[in-house]
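With the sequences and hints as input, model every part of the structure.
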Amino acid sequence: MSASMSTPMSTPAPNAAGQELTGRESTGQTSSVQKSAGMQASTPLLQAVDVTKIFTGGIVNRTETIALDDFSLSIYTDRPSIISVVGESGSGKSTMARMLLGLESPTGGKVLYKGEDLKSLSSREMQDFRREVQAVFQDPFGVYNSFYKVDHVFNVPIRKFGLAKSKTDARNLILGVLDAVGLRPQETLGRYPHQLSGGQRQRIMVARALLLNPQLIIADEPVSMIDASLRAQVLDTLRKLNQERGISLVYITHDLTTAYQIGSDIIVLYGGKAVELGAVDDVVKAPQHPYTQLLVSSIPRPDPSLQWSDEPESSAIGQEAKKGVGCNFADRCPYAFDRCIVETPPLYRIGEHQAATCFLHAEKPVLPVEKMDHVFVRNVAQLTSAGKETVGPQA
Amino acid sequence: MAPVLELRNLTTYFRTRRGSVKAVNGVSFSLDAGQRMGLIGESGSGKSTIALSIMRLIRPPGEIVAGEVLLDGVNLFDLDDDSMRRVRLSEIALVSQGAMNSLNPVIRVREQMEDGFRNHEHSLSREARDARIRELLERVGLPREVADMYPHQLSGGMKQRVCIAIAISLSPKVIIADEPTSALDVVVQRRVMQTLRRVQEELGSAVILIGHDMGLMAQFADKVGVMYAGELMEEAAVSRLFNRPAHPYSQILMESLPSLDTKEMFRGVGGAPPSLLSPPPGCVFHPRCPFVMERCRVEKPLLQVVDAPAGNGDTPARATEMQRAACHLLDEGETADSLAHRHAANNDANREATI
Chain F
0 MSASMSTPMS
10 TPAPNAAGQE
20 LTGRESTGQT
30 SSVQKSAGMQ
40 ASTPLLQAVD
50 VTKIFTGGIV
60 NRTETIALDD
70 FSLSIYTDRP
80 SIISVVGESG
90 SGKSTMARML
100 LGLESPTGGK
110 VLYKGEDLKS
120 LSSREMQDFR
130 REVQAVFQDP
140 FGVYNSFYKV
150 DHVFNVPIRK
160 FGLAKSKTDA
170 RNLILGVLDA
180 VGLRPQETLG
190 RYPHQLSGGQ
200 RQRIMVARAL
210 LLNPQLIIAD
220 EPVSMIDASL
230 RAQVLDTLRK
240 LNQERGISLV
250 YITHDLTTAY
260 QIGSDIIVLY
270 GGKAVELGAV
280 DDVVKAPQHP
290 YTQLLVSSIP
300 RPDPSLQWSD
310 EPESSAIGQE
320 AKKGVGCNFA
330 DRCPYAFDRC
340 IVETPPLYRI
350 GEHQAATCFL
360 HAEKPVLPVE
370 KMDHVFVRNV
380 AQLTSAGKET
390 VGPQA
Chain B
0 MAPVLELRNL
10 TTYFRTRRGS
20 VKAVNGVSFS
30 LDAGQRMGLI
40 GESGSGKSTI
50 ALSIMRLIRP
60 PGEIVAGEVL
70 LDGVNLFDLD
80 DDSMRRVRLS
90 EIALVSQGAM
100 NSLNPVIRVR
110 EQMEDGFRNH
120 EHSLSREARD
130 ARIRELLERV
140 GLPREVADMY
150 PHQLSGGMKQ
160 RVCIAIAISL
170 SPKVIIADEP
180 TSALDVVVQR
190 RVMQTLRRVQ
200 EELGSAVILI
210 GHDMGLMAQF
220 ADKVGVMYAG
230 ELMEEAAVSR
240 LFNRPAHPYS
250 QILMESLPSL
260 DTKEMFRGVG
270 GAPPSLLSPP
280 PGCVFHPRCP
290 FVMERCRVEK
300 PLLQVVDAPA
310 GNGDTPARAT
320 EMQRAACHLL
330 DEGETADSLA
340 HRHAANNDAN
350 REATI
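The listed protein sequences derive, respectively, from chains F and B.
Note that numbering that gives the first Met the number 0 gives residue 354 to position 355 of the first sequence, counting from 1, and the numbers run on in steps of one.
Note that numbering that gives the first Met the number 0 gives residue 279 to position 280 of the second sequence, counting from 1, and the numbers run on in steps of one.
Keep in mind that the hints were calculated from the coordinates and are not lab data.
Since we're looking at a predicted model, the values are computed, not measured.
Treat the hints with care, since some could be wrong.
Below, simulated SDA-like cross-link-like pairs (lysine to any residue); rule was C-alpha separation at most 25 Å, straight line [as the list claims (entries may be wrong)]: (1) B:K262 x F:E243; (2) F:K148 x B:A271; (3) B:K262 x F:K322; (4) F:K321 x B:E144; (5) F:K239 x B:K262; (6) F:K322 x F:P303; (7) F:K239 x B:S255; (8) B:K262 x F:K321; (9) F:K322 x B:P273; (10) F:K239 x B:D184; (11) B:K262 x F:P303; (12) F:K321 x B:G155; (13) B:K262 x F:K148; (14) F:K148 x B:G43; (15) F:K321 x B:V186; (16) F:K284 x B:V186; (17) F:K148 x B:P273; (18) F:K321 x B:R143; (19) F:K239 x B:V186; (20) F:K148 x B:D184; (21) F:K284 x B:D184; (22) F:K322 x B:S154; (23) F:K322 x B:Q152; (24) F:K239 x B:Q152.
Reference excerpt, derived from the structure (chain F facing chain B, CB under 7 Å, subset only) [claimed, not checked]: (25) A134; (26) H253; (27) Y259; (28) Q260; (29) S297; (30) P299; (31) P303; (32) W307; (33) E342; (34) P345.
Cβ atoms here follow ideal geometry from the backbone N, Cα and C, with glycine treated the same way.
In structure tokens form, the structure reads like this:
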């Protein structure tokens, strides 16, 4: 299956990638990727390096929840991509989004904006960050103040960031972004939120993000609360922004189908860990981690002739798994064997564009955590300076 | 065989100051014993109102204006409130979208399950009740210990299965499941839906599954009804609908499905659904229909049988072949096949126009 990779690269084992294949699992907590010699030509716009987030709770009995464990990701702007992040509720995907947005600070590791730790940004840099990295959230109903017309969501950022010199300027700016998301001003401006559909409201949120001319949009479940028939419009809008305006996108969802449709690369999260990641075609068509396999097989196919399979039973050894020890999927895994319940699997590089944390692939080279996103289509192309266009779904 | 449930011209309006919202406007369909029917449509198309109308749970300002719901030939709208209360749960059970959130978090699962059948079967002894609860939990694949737990100790999927257990506790003839899994992730969804299907087959109950996930319909339903703006646009055996949708709305709906098999341009239904205060005259879909004709603007099309393709000797009356659609094109001598061709040709034309 891996022969059908979506990259047109001809050299099978590029030098830089070849080196990291031999690297053992990293122990360094914060070794910054962009400093390791000659790996990247450019500084990523936004980068998570070995990020971990632990929530502690309980007054008497202190409990710790690892929301996100050893997560790394680089987002470049010179070759805009769409990275889908998929996981069930509680998998840590929203925590990841909130940390990338600087709304939550990591317990371990760091988040860098143009090479600078978010914690140590000057107020001016922070303002740049707030402009260049935009968010679109799940709920297109809760973000609006129902007493204001929708124009309000445009006027506030225009004022706060001083985006327009005159009223005409402001008006043109608004018309421009509405056009970019495919909304007609006469159907939206001057209306109250309740007069608009969920799809329209969500596209207005995207338009608002666009006002600030961002480099990156982090969209956390942008279509899960709107009607299926309107989802297509919102996803299409996001994809166009990527293709036509060169805006990178992190698309966070629980829905593997839309993740596949929109993304060029994908990260599958389970229990706070990236269990599988890589090019979206490789991961979805030939999933290698048992959890991804379970996810793919659980999706009801819109074709009555394809039978929904039964959920595989977890293995006898897996059922003995203790929480917090070994692979966190072992208790549900049909293939779990003795090693899985005592040792945490590292990330194995299964193919050029695919890696998974599973001992079933123990014969494959280990991919250090801070380099986990090197399997992404865009980054592989970057590392080998093949320079060919590999990113983005075919038009 | 007489259908177990039959809707005849069901019409439910919500009275508002600005006029009547025609939430369900003359819907008719029937359900055989043990049959699984899907009801699909965008939000506001009247799916859930149908469910509540069948259960007679429509509250003011909602009102069932016309029509009949026949359960084994008895019109539920003729029953007095007491008799209707007995019908609920014992004859027709409803599992709603937020069912799992309707469990009381501070009352043990056992008591909430007993609550259901205590009203219907007063005479059960303690032992009999315990045995019944054990059996019900087993049926939905939950360990018997769940009976003595509180809902907050259970996951969403487990809670939804408790709700299914309650729904089947009196072996109803009809189970209405209104988006029973929309709050669950896909892995748990499969578990819950397979549970529902197995239980339904064991009991021989008919099911109406309401939702908007075409994938779920394909995997679960025998036949599917497509709702739009309070009306039934098409009703067809699942294989017919997925292979050869006849109504232009169904065709667009089928095409806007994202799939894991191919990456395509997203195509939604252009335009917006109509206001239900004053639905368009004629066919409710005509303002968005690519094939709109003069007649569609004035005359409402009725559901009519879509013919099997020409040259096919099979009798279309068989359940696996049934297909009805409300579209004037069918009067123009079109068949499902020619409609599909027309639709494909229209798409090609559009594609060229955009390039």
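Which earlier hints can't be squared with this structure?
-> When the structure is compared with the hints, numbers 3, 6, 8, 9, 10, 13, 19, 20, 24, 25, 33 and 34 turn out to be violated.
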